[in-house]
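Asks: Kindly generate the complete structure, drawing on both the sequences and the hints.
Residue numbers (the working numbering), protein chains in the order written: chain A, 1 to 545; chain B, 1001 to 1127.
Hints in this document: simulated from the structure, not taken from any laboratory.
The beta-carbon is built from N, C-alpha and C at its ideal position, and this holds for glycine as well.
One should not assume that every hint holds.
Derived, one-sided and incomplete: chain B residues facing chain A with beta-carbon distance under 7 Å [claimed, not checked]:
1) TYR1049
2) GLY1069
3) GLY1078
4) VAL1093
5) SER1094
If you anchor each label on the Cβ, the simulated ranges turn out as follows [claimed, not checked]:
6) A:LYS50 - B:LEU1055: 50 to 56 Å
7) A:THR63 - B:ARG1098: 18 to 24 Å
8) B:LEU1055 - A:ASN243: 44 to 50 Å
9) A:SER29 - B:PRO1116: 53 to 59 Å
10) B:VAL1083 - A:ARG44: 36 to 42 Å
11) A:VAL183 - B:ILE1076: 21 to 27 Å
12) B:PHE1086 - A:ALA488: 18 to 24 Å
13) A:ALA413 - B:ARG1028: 21 to 27 Å
14) B:TYR1058 - A:ALA393: 26 to 32 Å
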Amino acid sequence: MISLGSAVLRVPLQTVESTSVGSPVLNISIFGAFVAITLVIVLRASRNNKTAADYYAAGRSFTGGQNGTAIAGDYLSAASFLGIVGAIAINGYDGFLYSIGFLVAWLVALLLVAELLRNTGKFTMADVLSFRLRQRPVRIAAAITTLAVCFFYLLAQMAGAGGLVSLLLGIDDRLGQSLVITVVGVLMIMYVLIGGMKGTTWVQIIKACLLIAGAFIMTIWVLARHGFNLSTLLGAAIETSGNPAITGPGLQYGVSALTRLDFLSLALALVLGTAALPHVLMRFYTVPTAKEARRSVVWAIWLIGAFYLFTLVLGYGASALIGAERIQAAPGGVNSAAPLLAYELGGSILLGLISAVAFATILAVVAGLTITAAASFAHDIYASVIRKGRVDADGEVKVARRTVIVIGLLSIAGGIGAQGQNVAFLVALAFAVAASANLPTILYSLFWKRFNTQGAVWSMYGGLGSAILLIALSPVVSGGEKSMIPGADFSVFPLSNPGIVSIPLAFLLGWLGTVLSRTVEDPMKQAEMEVRSLTGVGAEKATDH
Amino acid sequence: MGFHPVEPPAGSGAAVDFTEVQQTEQFRELRKRHRSFVFPMAVFFLLWYFAYVLLADYAHDFMATPVVGNINIGIILGLLQFVSTFVITMWYVSYANRRLDPIAAELRHELEEAAPEAFIDPAGGTK
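Replies: Written as structure tokens, this is what we have:
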């Protein structure tokens, strides 16, 4: 996830020492067991994958509880776990601020988006956005923003997988890491190809349970060593770090006026980005009714909320029991706080379990992103735009499966190429692009009667373009010692997160495009969308047969 | 046939006049109840979230004020963000169950009875 500020997720590949803690053999065995068990489940789940609804939306057969758990599995990426724990361990309170943004963002999804979207769409975000506007331009724009968000998110996860897993398994050369990325990619292609949405969902459910259970056990363990008293724990963290400021905000983002503004920009992208992430939105189609969609979000909010509360304890626990200096000196730097804490508490076995969970986390998130991107390409671009709807569901699913392979190969190549790149940069871009390119159009088309095609197209392309352009011109890409292109300097835009500019701009463009256009959209379609979105008519029949 | 986002079939509009449904007292009541809850609530939690973010961003000393032992105002306000998120979630669910679902279900059944061919897929799937 985006949280990590720019320093946190960057695994210093070159400095990884071969002296990793724990036993790589044990780590690999536990991970192998996870892969074996999930593959069997995916195979069993895929036996009745027949129609497009089966493949993209798991036959709309999941319950709210199952889907909510899968959403948590989709949302809590390795960066959430390793990144936030590390950020709190090193920067104290500033790390906790991310946890809060990630959680509060779910209220946007719950109140404004989830149920209405479930009632109006079929498989993808573009279904909803193009419902009452002109099909072709809006669908193409929505598919492009979906693919852009998925691709950046995917690249970040793959690059993270290389660095992270090498650290956990003790593989430190570039070739070995490329091999790890390839293995992750091939496994992910297999899950998605065989299992479709059903298989992917089960992988996410299993992973969410493992991750939350693992974090819970460690939390209780840390608290037990501090008399189940948060104040004692904070005291121990202050003592180890020798800096009382660790329990208050400002260590990371309080440095200058610019970093403060940057934090504000990030906070905006976080709270508005979540409800516009296409892979999260697509999960709402796997349940039969709007009521189950609501239940999913409620489950997700409880699970994700609980998890982020654990990260507070784990972060300060790592700070108290291990100390910032030892964490930063370890292979993997800040990202190693959680594994080191596991080793400190439960030795090699707990470390092995936590490492396997971290690997599983990446795999599940990557699978979720891949199926979203494949569905969007096959359903929105191939079936609707290229073939203009003249294709049967079988043909569409065939294209979706081929797209999975292409996306898988692309992300393997991208992941290998992006090794050692600033991973947080790619994830931040995904969140900012989602909030800028998708959210204004989602909200306008659900709630603003007059909204029209020109507004949608301006808002989506304007949001996408400005977010990407501002990041390209930011210090993340050039001009600083931590930049992607360290030699050059074309950083005209001083903030590393574009949200504070690109999100309001996209809302403005949506409004401007609409009022400047003389086209009036079909009032029948607007009425139909509004009636369907609130009543669920025509979308709730799956329970009847 | 019913809703198909790729090629809106001509039959869909003919079977059900959605603009008429949109004008009914019942539907307007549903929309009013939905919006009168979600809009103020969204404004409230966004203001509360950004108030918190601004305090954490610009009022470090205030946030670092100790309250109980090593627990300071910042930690308490942060935990309150969790509490408010959980409370709003439960509040909305109870509101939707009581005030939204009954009307939505009634409207849905009326529409489906009036024009079954528009919404029910003969193959038995979701349309």
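Asks: With reference to the structure, classify each hint as holding or not holding.
Replies: Evaluation of the provided hints:
The interface hint given for B:TYR1049 is met, as the beta carbon of that residue sits about 5 Å from the closest beta carbon of chain A, less than 7 Å. Because the beta carbon of B:GLY1069 sits about 3 Å from the nearest beta carbon in chain A, less than 7 Å, this interface hint is met. Annotation: B:GLY1078 was flagged as interfacial toward chain A, and the flag holds, the nearest CB pair being 6 Å apart, inside 7 Å. With its C-beta approaching chain A no nearer than about 6 Å, B:VAL1093 sits inside the 7 Å limit, and its interface hint holds.
The interface hint given for B:SER1094 is violated, since its Cβ lies 11 Å from the closest Cβ of chain A, which is over the 7 Å cut-off. Distance hint check for A:LYS50 and B:LEU1055: the Cβ-Cβ separation is about 54 Å, which falls inside the suggested range of 50 to 56 Å. For the pair A:THR63 and B:ARG1098, the supplied restraint of 18 to 24 Å holds, since their beta-carbon distance comes to about 22 Å. At about 21 Å, the CB distance of B:LEU1055 to A:ASN243 disagrees with the hint of 44 to 50 Å.
Between A:SER29 and B:PRO1116, the C-beta spacing of about 57 Å keeps the proposed range 53 to 59 Å intact. For the pair B:VAL1083 and A:ARG44, the supplied restraint of 36 to 42 Å holds, since their beta-carbon distance comes to about 41 Å. For A:VAL183 and B:ILE1076, the Cβ-Cβ distance of about 45 Å falls outside the hinted range of 21 to 27 Å, so the restraint is violated. Separation of B:PHE1086 from A:ALA488 is about 47 Å and departs from the stated range, judged on CB atoms against 18 to 24 Å.
Checked against the hint of 21 to 27 Å, the C-beta distance between A:ALA413 and B:ARG1028 comes to roughly 54 Å, which is inconsistent with it. Taking 26 to 32 Å as the suggested C-beta distance range, the pair B:TYR1058 and A:ALA393 does not conform, at roughly 54 Å.
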